[in-house]
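Line order of the protein sequences matches chains A and B. Under this note's numbering, the residue at position 90 of the first sequence is numbered 90, and the numbers go up by one with no gaps. Under this note's numbering, the residue at position 19 of the second sequence is numbered 19, and the numbers go up by one with no gaps.
Hints should not be assumed to be uniformly reliable.
Unchecked claim - Now the stretches of chain B that chain A is said to cover, found in silico as 3 or more residues with beta-carbon under 8 Å: (1) 7-18; (2) 53-65; (3) 127-137.
Unchecked claim - Computed spacing ranges between beta-carbons, pair by pair: (4) B/Gly-4 to A/Glu-171: 36 to 42 Å; (5) B/Leu-139 to A/Gln-179: 20 to 26 Å; (6) A/Thr-148 to B/Ser-5: 47 to 53 Å; (7) B/Ala-179 to A/Arg-168: 27 to 33 Å; (8) A/Asp-125 to B/Lys-159: 44 to 50 Å.
To be verified - One-sided and incomplete, this derived list gives chain B residues near chain A with beta-carbon spacing under 8 Å: (9) Leu-80; (10) Leu-81; (11) Pro-91; (12) Ile-149; (13) Gly-150; (14) Gly-151; (15) Leu-154; (16) Met-172; (17) Lys-173; (18) Ile-176.
I should point out that these hints are in silico values taken from the structure, not numbers from a laboratory. All residues carry an ideal CB built from backbone N, CA and C; glycine is no exception.
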Amino acid sequence: MTVLELVLIAQALASEAGDHHAPSLHDIWFPLINFLIFAYLIKRFALPRARDYLASRRAALVRAMDEAAERERRAAALVQDYKARLARIDGETESIVSALRADGEKEKAKLVREARALADKIQQDARFLADQELKVARQRMREEIAETAERQARELIERHISAADQARLAEEFIARIGQVR
Amino acid sequence: MIEGSLSRRYAKALFELARENGREEAIERDFERFLAAYAGSPLQSVLTNPAFEAATRKRILEAVAVPLALSSVFKNFLSLLHDRDRWAYLPAIAAVYHRMLNEAKGRVEARVVSSSTPDEDLIERLKAVLARISGKEVLLRAEVDPGLIGGLVLEWQGKVYDGSVRTQLENMKQRIARAY
Chain A
1 MTVLELVLIA
11 QALASEAGDH
21 HAPSLHDIWF
31 PLINFLIFAY
41 LIKRFALPRA
51 RDYLASRRAA
61 LVRAMDEAAE
71 RERRAAALVQ
81 DYKARLARID
91 GETESIVSAL
101 RADGEKEKAK
111 LVREARALAD
121 KIQQDARFLA
131 DQELKVARQR
141 MREEIAETAE
151 RQARELIERH
161 ISAADQARLA
171 EEFIARIGQV
181 R
Chain B
1 MIEGSLSRRY
11 AKALFELARE
21 NGREEAIERD
31 FERFLAAYAG
41 SPLQSVLTNP
51 AFEAATRKRI
61 LEAVAVPLAL
71 SSVFKNFLSL
81 LHDRDRWAYL
91 PAIAAVYHRM
101 LNEAKGRVEA
111 RVVSSSTPDE
121 DLIERLKAVL
131 ARISGKEVLL
141 RAEVDPGLIG
151 GLVLEWQGKV
161 YDGSVRTQLE
171 NMKQRIARAY
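Excised from the complex, chain B in its bound form (with noise of 0.2 Å):
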């Protein structure tokens, strides 16, 4: 809760600040670059490592910036996790910023699993039906699970609706194993 807490302040503060200086979609994309970098590396284990000094991990981070193409804004603001000792929470502040962002746009993410790689036309169409339902643009996010035998697996907006054949041949068998 307190973690939660920490992360939702940290990224409405940045939300903030980027809002005033209409860069709300270039922070996204530098905390989309600087987690690509950052994340399980070992720039990650140098940063968040208290045996190096703080300086000396804070020139680094300011080396590291560069060639990211980091804009000033996002920079001060990962210089203000690290004097704070904050790098933990830094996955969720990007959570909660992409949340936000989404939010203040207008968009909401949906995820769909086929078992096999669907038309372009079918991914159309589900996103203009959650579109409708949602009064929101919607930005969905395909993927394939051949275990899924057929159908679709859709998550949205905190649920889950699963209408692959996996599913519905385990409901068999549970209706089976009970009532038979």
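Bound-form chain A, shown alone (with noise of 0.2 Å):
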């Protein structure tokens, strides 16, 4: 049905209302000539840019959803690996543990060895010194009995000995001497 068909159709309509004052065809096509032009530019203006802001808005939505739903998937793959993570701490802190215990153990065998070590020079040493001591004490005894021997064997000649003697030792000095070449 086109436009001007509806208009006919309200005049026909109009002329058999009856007795009332018909009104003219001039007072119809002045509002519908007004309600084309109205027409045409609101579908030349305004629907272009209904239809535009229309389609960027769904556009934004549908990249706002992109984006959404790329957030969500960074954020389970963030969740997925912070759990990952969280599942390798234990073993990372049992690794760190047992390296920590193993790393005690050597330094504790280390030190065992090392204070037995030194106790073994010390005592080593306490041996050394002791024995030394012990040498000297002996030695020094070995001098005295000497000394006392060679004093008491002095005196015992002084007091006994006698020309005889003197020239008897004379003799057998000179019949050394005379056996030198």
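Join these two chains into a complex; the hints should help.
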């Protein structure tokens, strides 16, 4: 149904209305034209803008939804990563504890070894010192005994040596010298 | 070494000069007399003191030579030592000269020490033994050291033969101290 048919129908209905003063055709044309201009303007300017607005709005919504989906995906991946890390932390903690324990054991063993070596060295030094002191004491004792023996022998000889002894010693000495060459 | 070499050169020169004149023994006696007057005396202090003029010291030397009856050869020798300022070498020169004289005369020196005065017979027998061994006349000087307790010690031809009781006791002490 076109606009012209709508105008003709409107005139027929208006003529059938009876005895009232029927509006003239001129009264219809002007609003019609006015309406058509209005409709044209709407179609020409408002509809494209509304269409563009709706299209851009739709694109923005689609983009926002994509971004949201991407963020959701990243968040899910991050959650997954953290879950995996959390799962690994127990193992890492265990390995760190084990490593620390092993280091501690090594250090302990090393300290024990060094302490034993030091103790051995101290013992050896003490033994050496004791031996040395014993040797010195023995040597002193020997020297005292020797000096005592020498002193007593000298005193004895000095008391008892006679001219005859001296002569005999001299004779023996001369005899020994005679055998030198 | 330098000192020894220098002393030998002076002693050898003097000895050869003395031998040419047949005065080796006389020079030896000159040495003995002069050293007896010189060693450790004011004469030594004066002759070696550069505070005195050299000419003055030489006149003193000539004056001293007269009462000591030094031979002209020996006086000239002392004068040479003085001119060359070699007084410090005089004792060493005397010792070398003494050794040269003994060697030339076929004599060797020895020193024997005993705890008491040895009798002449013992000395003579020891000299005879040493002469037999060395084939030379032995000039044996006897000394007494009561510290030896007994026995004899002989120094001869640069060696010491120790037969003293003191040394035997010392050896015994050392053996005890080492191996008791």
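Cross-check of the supplied hints:
1. 7-18: With 0 residues closer than 8 Å to chain A, the region 7-18 of chain B misses the three-residue bar; violated.
2. 53-65: Result for this restraint: violated, n = 0.
3. 127-137: That given contact holds, which follows from 4 residues of the region 127-137 of chain B lying within Cβ reach (below 8 Å) of chain A.
4. B/Gly-4 to A/Glu-171: 36 to 42 Å: Between B/Gly-4 and A/Glu-171, where Cβ atoms are some 39 Å apart, the hint holds.
5. B/Leu-139 to A/Gln-179: 20 to 26 Å: 23 Å, holds
6. A/Thr-148 to B/Ser-5: 47 to 53 Å: The hint (47 to 53 Å, Cβ to Cβ) holds, given that A/Thr-148 and B/Ser-5 are roughly 51 Å apart.
7. B/Ala-179 to A/Arg-168: 27 to 33 Å: 29 Å, holds
8. A/Asp-125 to B/Lys-159: 44 to 50 Å: 48 Å, holds
9. Leu-80: At 42 Å from the nearest chain A Cβ, B/Leu-80 fails the 8 Å test, so the hint is violated.
10. Leu-81: Violated. Min distance 40 Å.
11. Pro-91: 30 Å, violated
12. Ile-149: 6 Å, holds
13. Gly-150: For B/Gly-150, the interface hint holds, since the closest Cβ of chain A sits about 5 Å away, which is under 8 Å.
14. Gly-151: For B/Gly-151, the interface hint holds, since the closest Cβ of chain A sits about 4 Å away, which is under 8 Å.
15. Leu-154: OK, holds: B/Leu-154 within 8 Å of chain A, min 7 Å.
16. Met-172: 6 Å, holds
17. Lys-173: 4 Å, holds
18. Ile-176: 4 Å, holds
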